[in-house]
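Peer 1: Sequences listed follow chains C and R, in order. Quick note on numbering: the working numbering labels position 250 of the first sequence as 278, and the sequence is numbered without any gaps. Quick note on numbering: the working numbering labels position 257 of the second sequence as 285, and the sequence is numbered without any gaps.
Please note that a few of the clues may not be correct.
Which copy? The list can't say, so a pair holds if one copy fits it or any two copies do.
[To be verified] Straight-line C-alpha distance at most 25 Å; calculated SDA-like pairs for lysine to any residue:
id	residue 1	residue 2
1	195	214
2	352	404
3	469	285
4	456	438
5	456	185
Derived by calculation from the structure, the hints in this document are not laboratory data.
Protein chains: 2
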Amino acid sequence: MSVRLIDKYAHEFIEKDALAAMEERLIKADAMLKARSEENDYKGWYDLPLNYDTEELAAIERAAEKIRTESDVLIVIGIGGSYLGARAAIEFLRSRYYNIQKKDTPEIYFVGNSFSGDDLDDVLALCEGKEVSVNVISKSGTTTESSIAFRMVRHMMLKKYTNSEIKERVFVTTDKERGALKAFADREGYNTFVIPDDVGGRFSVLTAVGLLPIAVCGADVRAMLRGAANMRRRIDAEGMKNDAYRYAVLRNLFYEQGKCVEILGSYEPSFRMMNEWWKQLFGESEGKDGKGIFPASVIFSADLHSLGQYIQDGKRVLFETIVKQKQVRKDMFIPSNAVDIDGLGFLSGVKMSSVNDEAMIGTLLAHTAGGVPNLIVEYDKRDEENLGELIYFFFIACAVSGYILGVNPFDQPGVEAYKRNMYALLGKPGYEELKEELLTKIHAL
Amino acid sequence: MSVRLIDKYAHEFIEKDALAAMEERLIKADAMLKARSEENDYKGWYDLPLNYDTEELAAIERAAEKIRTESDVLIVIGIGGSYLGARAAIEFLRSRYYNIQKKDTPEIYFVGNSFSGDDLDDVLALCEGKEVSVNVISKSGTTTESSIAFRMVRHMMLKKYTNSEIKERVFVTTDKERGALKAFADREGYNTFVIPDDVGGRFSVLTAVGLLPIAVCGADVRAMLRGAANMRRRIDAEGMKNDAYRYAVLRNLFYEQGKCVEILGSYEPSFRMMNEWWKQLFGESEGKDGKGIFPASVIFSADLHSLGQYIQDGKRVLFETIVKQKQVRKDMFIPSNAVDIDGLGFLSGVKMSSVNDEAMIGTLLAHTAGGVPNLIVEYDKRDEENLGELIYFFFIACAVSGYILGVNPFDQPGVEAYKRNMYALLGKPGYEELKEELLTKIHAL
Numbered sequence: 029m030s031v032r033l034i035d036k037y038a039h040e041f042i043e044k045d046a047l048a049a050m051e052e053r054l055i056k057a058d059a060m061l062k063a064r065s066e067e068n069d070y071k072g073w074y075d076l077p078l079n080y081d082t083e084e085l086a087a088i089e090r091a092a093e094k095i096r097t098e099s100d101v102l103i104v105i106g107i108g109g110s111y112l113g114a115r116a117a118i119e120f121l122r123s124r125y126y127n128i129q130k131k132d133t134p135e136i137y138f139v140g141n142s143f144s145g146d147d148l149d150d151v152l153a154l155c156e157g158k159e160v161s162v163n164v165i166s167k168s169g170t171t172t173e174s175s176i177a178f179r180m181v182r183h184m185m186l187k188k189y190t191n192s193e194i195k196e197r198v199f200v201t202t203d204k205e206r207g208a209l210k211a212f213a214d215r216e217g218y219n220t221f222v223i224p225d226d227v228g229g230r231f232s233v234l235t236a237v238g239l240l241p242i243a244v245c246g247a248d249v250r251a252m253l254r255g256a257a258n259m260r261r262r263i264d265a266e267g268m269k270n271d272a273y274r275y276a277v278l279r280n281l282f283y284e285q286g287k288c289v290e291i292l293g294s295y296e297p298s299f300r301m302m303n304e305w306w307k308q309l310f311g312e313s314e315g316k317d318g319k320g321i322f323p324a325s326v327i328f329s330a331d332l333h334s335l336g337q338y339i340q341d342g343k344r345v346l347f348e349t350i351v352k353q354k355q356v357r358k359d360m361f362i363p364s365n366a367v368d369i370d371g372l373g374f375l376s377g378v379k380m381s382s383v384n385d386e387a388m389i390g391t392l393l394a395h396t397a398g399g400v401p402n403l404i405v406e407y408d409k410r411d412e413e414n415l416g417e418l419i420y421f422f423f424i425a426c427a428v429s430g431y432i433l434g435v436n437p438f439d440q441p442g443v444e445a446y447k448r449n450m451y452a453l454l455g456k457p458g459y460e461e462l463k464e465e466l467l468t469k470i471h472a473l
Numbered sequence: 029m030s031v032r033l034i035d036k037y038a039h040e041f042i043e044k045d046a047l048a049a050m051e052e053r054l055i056k057a058d059a060m061l062k063a064r065s066e067e068n069d070y071k072g073w074y075d076l077p078l079n080y081d082t083e084e085l086a087a088i089e090r091a092a093e094k095i096r097t098e099s100d101v102l103i104v105i106g107i108g109g110s111y112l113g114a115r116a117a118i119e120f121l122r123s124r125y126y127n128i129q130k131k132d133t134p135e136i137y138f139v140g141n142s143f144s145g146d147d148l149d150d151v152l153a154l155c156e157g158k159e160v161s162v163n164v165i166s167k168s169g170t171t172t173e174s175s176i177a178f179r180m181v182r183h184m185m186l187k188k189y190t191n192s193e194i195k196e197r198v199f200v201t202t203d204k205e206r207g208a209l210k211a212f213a214d215r216e217g218y219n220t221f222v223i224p225d226d227v228g229g230r231f232s233v234l235t236a237v238g239l240l241p242i243a244v245c246g247a248d249v250r251a252m253l254r255g256a257a258n259m260r261r262r263i264d265a266e267g268m269k270n271d272a273y274r275y276a277v278l279r280n281l282f283y284e285q286g287k288c289v290e291i292l293g294s295y296e297p298s299f300r301m302m303n304e305w306w307k308q309l310f311g312e313s314e315g316k317d318g319k320g321i322f323p324a325s326v327i328f329s330a331d332l333h334s335l336g337q338y339i340q341d342g343k344r345v346l347f348e349t350i351v352k353q354k355q356v357r358k359d360m361f362i363p364s365n366a367v368d369i370d371g372l373g374f375l376s377g378v379k380m381s382s383v384n385d386e387a388m389i390g391t392l393l394a395h396t397a398g399g400v401p402n403l404i405v406e407y408d409k410r411d412e413e414n415l416g417e418l419i420y421f422f423f424i425a426c427a428v429s430g431y432i433l434g435v436n437p438f439d440q441p442g443v444e445a446y447k448r449n450m451y452a453l454l455g456k457p458g459y460e461e462l463k464e465e466l467l468t469k470i471h472a473l
């Protein structure tokens, strides 16, 4: 057993009656999760770790090996679910300093996740004089951010390589058969990988979307899938009492107590992008119909010296979920000083991991005493199997939590609003009427 | 005129009566900001850009020059205000890729802002074979995170250099005369810089705390101070109608409408750490007495594909402040494709900056239509003078906003709670009673 929920620090916030009242909603949510529909219900992620396409997986590993051998840099083009999961996994498994560390695997840069020319230019400059491969990730091939970046990156590649060389260096992750990008890739003869129809972006890190870039950093992606499968089996075995369901129930309980912000926190800086991945997963799944817990994040203890004051004493609309790492990679003993200049003599010879652990417990006690419920999600260590467990744990918790809240956790209708406005303002054919409407609105302000 | 507030997109959320009712509170807040007390009222940041210690500034520039000349790496040890401002400024002025870019200035790593041994070990490994200087920043010299890191880093330095070499490589930013670190620095003969008594951590980026590391990346710190001074003069000239006050008033107005989360957003990825700096400034200043706006942040358009759904359609407890950059550094034209594979043919030849601007306007209109008030804080470009203006704009807005809210924006009593618990659990002498109390509590859970 690895990933687990610890809720003992939150007991004072859990009223038995309220918990019992949740029971019925949980049973319904469980049934909704397990129901299968004729239409695409975007639940492909659910069984995926149990019956992964092994040919696709082998192809991913071969492509990753080829990229590692032939390139100094991998540019990954994608946004949202086609960006956050892979980046989060690489920083979690390697380090937030991955790109700058000595290693025998390529630097990995993520572009196409903004419209900033300054930022894209920075990355293109980093590629100068280096061998480059590209992984472009888009279901439709028409996502504006990633399409623009792909145009720019292809432009650079065309200056650097011949067409037949480019064919060996561009890897496309997209729809199985439809879409602009698939057609283009086939015509150009690029290697393609599949984004399954029934897996939405924020649930896609265990498909080729995430696994190809993750494999390029040298990680064992089979172990990630194994971890996810283990978590699935545990959840099945534990039934309604499993930890992911319990997490889903408790966060809804806090939400009903008026806690509309959940802070996910970690004491490991390399967890930062996992926080971002989690924010998309929960925010996009639950933030709809005027409802939902707003997902925020912190890295402690840095942010105890930043948001700590607010968490301790500010408006009581918060609860926290601390993702706790049990074993560190390299422990260090705090050296003693000849003179106790810093007053920390009592820590000489103590392991840093012990200080980190006590800081966490001390903080938990302080924040709960301040009226902030605290949950812990614990994993053993930073490795692929734990990561797979953690990811699948959050998938299940998120789906069930959304159903308990009373929303469809698998759609994202609100994401279109800014896109439509942007298309109109940029003069995309077909948006003429909206353009006029928006311009009239702007001029009236 | 550079940094300015644009509130026209929020007009529909601003009721005239409510605004008028704020007037009196603003007048009081202004008076409180300008009042001087016999005791230390932590308002040293207010006049600082107008009468900076020029000798100290020259010494900072000399030290930065020395570090640039003699070192490949600068390790900055500090937490909270002794960390966020400098890192934010360097990423804003240079790039989020600063440490990996080709340059003739040192890599700059920030440690002592967590208890993670894995993370510290990563940075120590990055220093192997390189010439290293260290800037340790702590008012008291007893902050646990930075003291532990300083012990570790000194340990490394002692292996690498002789004592007389270390003297040339360690720069200490601390209290003028008191404190453990000052005493130690004097004994060892380290160069010291001053954290003024009347400037709190989150208001310290324009003192040696921020300016020394910022100067090491080659930035013109005098221009930063000039920008801050310009902003101060504009605020004085504009009196009660100035933009910083207006921002302070409007955010309190939204707060009273039930918007308890403010999202600071930028469309430039290199603004990310500025977001973090802003979160400390506002969160720590306002989050007290059970009150305050919870500060969150996003980088768009990445986070439109992550938190965008929630912002558009989730629980209506949000407002947004978009920090808008007017001019980009390097604009790029979107290349045309022979075949219009991505359906973006209408964007061929369009500047990326135009797309970014229209994405912003489109998003503003979408989010306000969804019930989320949006403000814009605009600056001209990424340079030192604009950065100084922006920083000082937020300083003033934060102080006045806190006074309007009815809190003391310059204290942070809640930060001590976790520290006391942590000391007790770690067995610090003098905390025996609390330790027993906490252990009893834990065992009863």
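Peer 1: With reference to the structure, classify each hint as holding or not holding.
Peer 2: Results of checking the hints against the structure:
no. : hint      : verdict
1   : 195 / 214 : within (10 Å within a copy, 63 Å between copies)
2   : 352 / 404 : within (7 Å within a copy, 37 Å between copies)
3   : 469 / 285 : between (39 Å within a copy, 24 Å between copies)
4   : 456 / 438 : neither (28 Å within a copy, 50 Å between copies)
5   : 456 / 185 : neither (27 Å within a copy, 59 Å between copies)
In this structure, the earlier hints numbered 4 and 5 are contradicted, and the remaining ones agree with it.
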